[in-house]
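Just so we're aligned, residue 9 is where the sequence shown starts under this note's numbering, counting upward by one.
These are calculated hints, taken from the structure and not from any lab test.
For glycine and all other residues, C-beta sits at the position ideal for the given N, C-alpha and C.
Incorrect hints may appear among the rest.
[To be verified] Per label pair, the in silico range of CB-to-CB distance:
#	residue 1	residue 2	range
1	A813	R645	20 to 30 Å
2	D940	G714	51 to 61 Å
3	V293	A97	20 to 30 Å
4	E861	G17	49 to 59 Å
5	D500	R362	46 to 56 Å
6	D500	D287	21 to 31 Å
7	R497	D296	32 to 42 Å
8	E901	G953	26 to 36 Å
9	Q933	E861	23 to 33 Å
10	Q853	E956	23 to 33 Å
11	R81	P640	48 to 58 Å
12	A93	R632	41 to 51 Å
13	D453	T432	20 to 30 Å
14	H577	R852	48 to 58 Å
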Amino acid sequence: MTVRFALLGPVEVSADGRPLDGLAPRHRAVLAYLLLHAGTVIGPDRLTTAMWADTPPDTSRAQIHAAVTAIRRVLRTAGTEDTLATRAAGYVVTPEPDTLDLAEFTRLTVTAQRLAATDPRTATDRLREALALWRGDALTGVNAAYARGTRARLEERRLAAVERLAELELALGRHDALIDELATWVAAYPLRERLAGQLMRALHAAGRQTDALAAARRYRDSLAELQGLDPGRAFLAVEQSILRGPEPEPVVTAETPPPHPASGQTDRAANFLPYDVADFTGRTVELDRLLTGPAPRICTIDGMAGVGKTALAVHAAHRLADRYPDGQLFVDLRAHTAGQPPVDAATALHTLLRQLGVAPDHIPLGESERSARWRAELARRSVLVVLDNAADTDHVRPLLPGVTDSLVLVTSRRRLVDLDSAHTLSIDVLPTPDAVALFTSIVGDRARASYAAVGEVLRMCGFLPLAVRIAAARLHHRPRWTVEHLADRLRDERRRLTELATAERGVAAAFTLSYQHLPPRQQRLFRLLGLLPGRDVDAPAAAALADAPADDTDADLEHLLDAHMLAQHEPARYTFHDLLREHARATCAAQDTDDSRHAALTRLFDYYLRTAAAAIDVLYPDTRHRRPPVAPPAAAREFTTASAGAWLDAERANLAAVCARAADGDWPTHAANLATILYRYLYDNAHHADARDIYTAALAAGRRLGDHGAQSRSLADLGWLSFVQGAYRSAGDQFAQAVEHGRAAGDDVAEARAWHGLGSVHQQRRDHARATEHLTRAIELFRGRHDRFGEAVGLNTLGAVQAQAGRHPQAHDALHRALTLFREVGSPGGEADVLDNLGRAHRRQGALAEAREHHRQALELYRRFGYRRGEARALNGLGDVAAGDGDQARAAEHHRGALAVARDVGDRLEQARAHEGLAYAHAGQAPTAARDNAEQALSLYAQLGEPEPRELRALLARPPG
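Work the whole structure out from these sequences, hints included.
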């Protein structure tokens, strides 16, 4: 079965040419976004922003989850469910080669561009194949926030292909066959100057001068009426050629650059631009900014080494050449050229003036005089100037024009923020489709046959154009290699930069030149940042790493950002491109001693441990006595509840990486203490993946230290993680081990936590006697250590067990004692847990009004303090109360809310309870929905090892309808 994905028209999935049903508009929007970023893992937050921008609904996560589920269901019917995979960071779509129309369009247009100069007839065939893939407007039927801008960018690519095709057809003399086709496009896009000019040229070549001039008038009238503008120079040149005679003059385009003076044709302005690479790929958005809209006088193009600044500038310059009839000039300022000093301004001005045709004996000697002559020459000309590879603002300032109709494009590895009135274009690495197209255009069939391996190679190249070109070139010149073999060679991070080099150029060499231009203090910071275990860093953490004042470090980070040695994906946080990270790490290993690297990491780990403790103390003061004593941060932060949570959210991935690195290295105590400090935050916010990494690292650290107390705490933490995910067998094993280690350590609190966990496992198994026994033991140990918080936790769970067993007086006694203790120690989360259990106890006794009030109070506390898991429990409780009152609509509303939250936090037990409640709520009016929810609830209960509710099985046994 051949499965294809379509974006260039209505979004759809088809099998053997037949569209597959089952996707609603929102599902298609999610699928389209994943396909647009094929091969890239897209997180839920990014998907939510793409769908709803800044105003997502409360159910956005649930809607995303539902869309992914629906997409998987459709793919499963076609036997391609592996196309959509779930990763730790989100979702990724990897369609098979030649199954996505957008990727096919990209491949065909790139091939056509490569063939245009040598085989124009085949190039036209490839372009027509590419355009035939379009079945209407791209992303038809998608109304998500991202759609409008994406649709416009894709339509621009389509129009560019149409114009490239028309240019080739005109050059081949196929003007007659082209007229109707161009007329249709011009009618649809009346303000598209190049299309209008091509139609005029086709009409003129066919001997229809009057029609050609009429087309010119229509374009002029439309432009004046809709935008109040006059046509550009290229259009005027075409119009004048039509007025002058029967044969149109040749028109300069990006595909047919003007001849160089060396060709002997001296009747045209000089063009000193370097050759435009035949396989230039992508950069559609950047080219749009350079080629459309009001023309700037100065435009700077900046980006990291190897990102393709020069290629973009030269390509754009060739495309813009016909707008600047007095010449196209180029000078390499060599700010980052190995083995050569930068070209000073005076020398560059001499070169530029000579390119303009100024005789050597008329060029002044001094820099300021040359600069004045340069500005005077440009004041009466319209030229395009590319100043490539500039060091900084001072390097190019003498080369800038005064009042002129000229355009200056400046490329630099540094952001030239001090150039007044300059338009700035900072370019990043290639998007996945463009990187695939570039790699494939060089490698050919071997790439098309190994789509997954190509994606892996590109990821290891960091989608950096220089790295992609080098990797592709190595493969191209080694016919016995496969893409998989290249990927294997690149997997070793220590060898990767060595692999990405040839005799003439290399990624590491390019990075080294950038590094050498940094002042010593910034070089040291760059090197030390290579030691970071995590993915990003803020200024206080970097200051701790470097043992430097915070203000100096902040300034140095901004300098590295301007030099494109660091990147920034969100304010005040700095990260590396993956290859630059490896370069920083290798440079640090080569230039810094073992002792200095160890000291830097110790400072960093101290910073994270102390700052995390300060944040947790603000959020959870009720359990401060359980956390290890930690000195305050050197530069103390004044955390509020909001800022403490925000800091932990921003640093969570880094804290997990720190814990793993510390456990494996010389800092096991840091790992064990950090896990203990973070437990409540990770548990309450359901950060399960990071929690497992942190607790596992802490357990390894405890074993290295021979610390039974640390092992008991880590095992109990892992036990609670297994418990909330429904893995009760694993939880029981982990709690049992935690009991033994707590007892061996003589740590009554650690042992008590483990007994409490075992009691909770037996509660889920409805073994009330053993649950009561274990919980009573935990409460005694907590009480013996005067741990009132622990005692309250134990009493709360014991009360829930007694209520389940029907021992209502004992249940209320235990719960009210727990409530008093939680209020005394100031634990709103614990208070909410007790109120929720009181609601369940009252509901079992039929006291629905009291139950509703307790669940309502619990829900208010959960929401006020951001305890999402508790929110799902309270909503399910309110749903059960509403059902008891006979209000099925209200019950369904509460259970739907609980289901959305439970899915978001990964609580499968509350998901099961929500589905069960929805099954009962729908039983009377929507039997199909009732059966679906009953089946999902029973499936979840079975996975969790929970007893199967008889009522659900009875509901399923009812005949349909």
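Q: Starting from the hint list further up, note which numbers the structure goes against and sort them upward.
A: Those not satisfied are hints 1, 13.
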